[in-house]
Amino acid sequence: MLKAIIFILSTVVLFLLFNQLHKKYPYPFLLPILTTTIVIIAALLLFHIPFSDYMEGGKYIQHLLGPAVVGLAYPLYNQRKLIMKFKYTILSGIFIAMISGLISVYVILKLFKLDDSYILTALPKSLTTPIAMQVSETIGGIPPLTAVFVMIAGFTGALFGSMIYKLGKVHSPISRGISMGSASHGVGITKLKEYGEEDLSIGSLSMGLSAVIGAIVCPIFVFIFF
Amino acid sequence: MRIIRIIAQIAILYIFYYVGVFFVEITKLPLPASVIGLILLALCLQMKWVKVEYIREGAGFLLAFMTLFFIPPIVGIIDYPELLSLEGILLMVTIFISTLFVILFTSKLSEKIEQKELKLKEKKEGEERVVESNHLHP
Chain S
6 MLKAIIFILS TVVLFLLFNQ LHKKYPYPFL LPILTTTIVI IAALLLFHIP FSDYMEGGKY
66 IQHLLGPAVV GLAYPLYNQR KLIMKFKYTI LSGIFIAMIS GLISVYVILK LFKLDDSYIL
126 TALPKSLTTP IAMQVSETIG GIPPLTAVFV MIAGFTGALF GSMIYKLGKV HSPISRGISM
186 GSASHGVGIT KLKEYGEEDL SIGSLSMGLS AVIGAIVCPI FVFIFF
Chain C
6 MRIIRIIAQI AILYIFYYVG VFFVEITKLP LPASVIGLIL LALCLQMKWV KVEYIREGAG
66 FLLAFMTLFF IPPIVGIIDY PELLSLEGIL LMVTIFISTL FVILFTSKLS EKIEQKELKL
126 KEKKEGEERV VESNHLHP
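For the protein sequence lines, the chains are S and C, in the order given.
Counting the first sequence from 1 gives a position; the numbering used here is that position plus 5.
Counting the second sequence from 1 gives a position; the numbering used here is that position plus 5.
Treat the hints loosely; a few may be bogus.
Said to hold, decoys possible - In silico contact screen, one side only, chain C against chain S (beta carbon under 7 Å); selected entries: (1) Ile12; (2) Ile15; (3) Tyr19; (4) Pro37; (5) Ser39; (6) Val40; (7) Gly42; (8) Leu46; (9) Ile79; (10) Ile94; (11) Met97; (12) Ile100; (13) Phe101; (14) Thr104; (15) Phe110; (16) Lys113.
Said to hold, decoys possible - FRET-style restraints, in silico, Cβ to Cβ: (17) S/Ile10 - C/Gly65: 25 to 31 Å; (18) C/Gly65 - S/Lys118: 44 to 50 Å; (19) S/Ile229 - C/Phe101: 22 to 28 Å.
What the hints assert, rightly or not - Where chain C lies over chain S, by a calculated footprint (3+ residues, C-beta under 8 Å): (20) 80-92; (21) 102-116.
No lab work stands behind these hints, which were simulated from the structure alone.
Only a predicted model underlies this, so the values are computations on that prediction, with no experimental measurement involved.
We treat Cβ as the ideally placed atom computed from N, Cα and C, and that holds for glycine.
Build out the structure end to end from the sequences listed, making use of the hints.
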């Protein structure tokens, strides 16, 4: 019991510290999800603490993830007017991103002859982390590995997105927002700030909508192809 | 007072979450319970069955700390050292290529769709204007 309390407190304190650090220096590699996780993993390895011991405390923190995901309905509800403004473009764009992402991951990994369990783990990579991990669990993937892939998808968008828009001559804020939000979620859309407010708000709307749509489309895709 | 309000509102969010859990339990569908709860809450807000004031502060509080809640499960990669094997690297390269492809493909296609939607809107507004002017001068 004491151990559990120590794990809970140290995780919360580390997170709050790294959250403050990221607010002061908002670089993507200082995101609290990276810094906090790396420090906790290093500590567990250093003190030879098994993950199952850590989760005796960690499970209480993780428990709040359920209602927190439910709470995502609030920002989506707030953006309902924006959805109606460009409903065909936004909805079809999100579907295009979803389907092209699922098929490209499936085809490439089949070519590499990778195990089905790894393919299932990689499929939800474009969704926002909490939802991606839960989708991964329901379709039989490995949730913590999915979280790593989600981060890679996010950083790919954040670091190379503007290059792609330049090469592809993409000038529309709506298209940039949809593609970044539905391919690279929260990490990617931080880069959209440089383009403007419209990019950013369409980006965060697309991120939320694509997470909800992905949570339904991913299991259907798995049902058909596996 | 504010803290009590936040706790009560989190309890409301928990109710939606457990309705989602119950739904998944009885239908046996492979859907995440929390997303079912999300859709249900969005629906209730849209239909005005639940006032946005009943969840605003609770949702705001949980969303501000969202990252904290999924750090413990991510630490679980400690049990998957294969991430650093050849397979792990192939997986990461695939994610990278797929993401670049999706961004390019989606942004180009949605630019085309956007132009169509704008034209459609202009046409519609144009027609409405015609109808209005007909109404004014029959």
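Hold the hint about C/Thr104 up to the distance rule: shortest CB distance to chain S must be less than 7 Å. Holds, because the Cβ-Cβ distance from C/Thr104 to chain S comes to roughly 4 Å (cut-off 7 Å).
Return the status of the interface hint for C/Met97: holds when the least beta-carbon distance to chain S is below 7 Å, violated otherwise. At about 6 Å, which falls below the 7 Å cut-off, the nearest Cβ of chain S leaves the hint on C/Met97 intact, so it holds.
Hint check: is the beta carbon of C/Ile94 less than 7 Å from a beta carbon of chain S? The hint is violated - C/Ile94 has no Cβ within 7 Å of chain S, the shortest such distance being about 10 Å.
Does the Cβ pair C/Gly65, S/Lys118 satisfy 44 to 50 Å? 47 Å, holds
Hint check: is the beta carbon of C/Phe101 less than 7 Å from a beta carbon of chain S? 5 Å, holds
Return holds or violated for the Cβ distance of S/Ile229 and C/Phe101 against the range 22 to 28 Å. 26 Å, holds
Can the hint on C/Gly42 be confirmed by a CB-to-CB distance to chain S that is less than 7 Å? Holds - the Cβ of C/Gly42 comes within 7 Å of chain S, reaching about 4 Å at its closest.
Per-residue hint verdict: C/Ile79, partner chain S, C-beta under 7 Å: The hint holds - C/Ile79 has a Cβ within 7 Å of chain S, the shortest such distance being about 5 Å.
Using Cβ atoms only, decide whether C/Val40 comes closer than 7 Å to chain S, and label the hint accordingly. At 4 Å from the nearest chain S Cβ, C/Val40 passes the 7 Å test, so the hint holds.
Answer holds if the nearest beta-carbon of chain S is closer than 7 Å to that of C/Ser39; otherwise answer violated. Holds - the Cβ of C/Ser39 comes within 7 Å of chain S, reaching about 4 Å at its closest.
Does the CB of C/Leu46 sit less than 7 Å away from some CB of chain S? C/Leu46 check passes; min Cβ-Cβ to chain S is 4 Å, inside 7 Å.
Holds or violated: is the Cβ of C/Ile100 closer than 7 Å to a Cβ in chain S? This hint holds: C/Ile100 lies near chain S, its Cβ roughly 5 Å from the closest one there, short of 7 Å.
Hint check: violations occur at hints 1 and 10; the rest are consistent with the structure.
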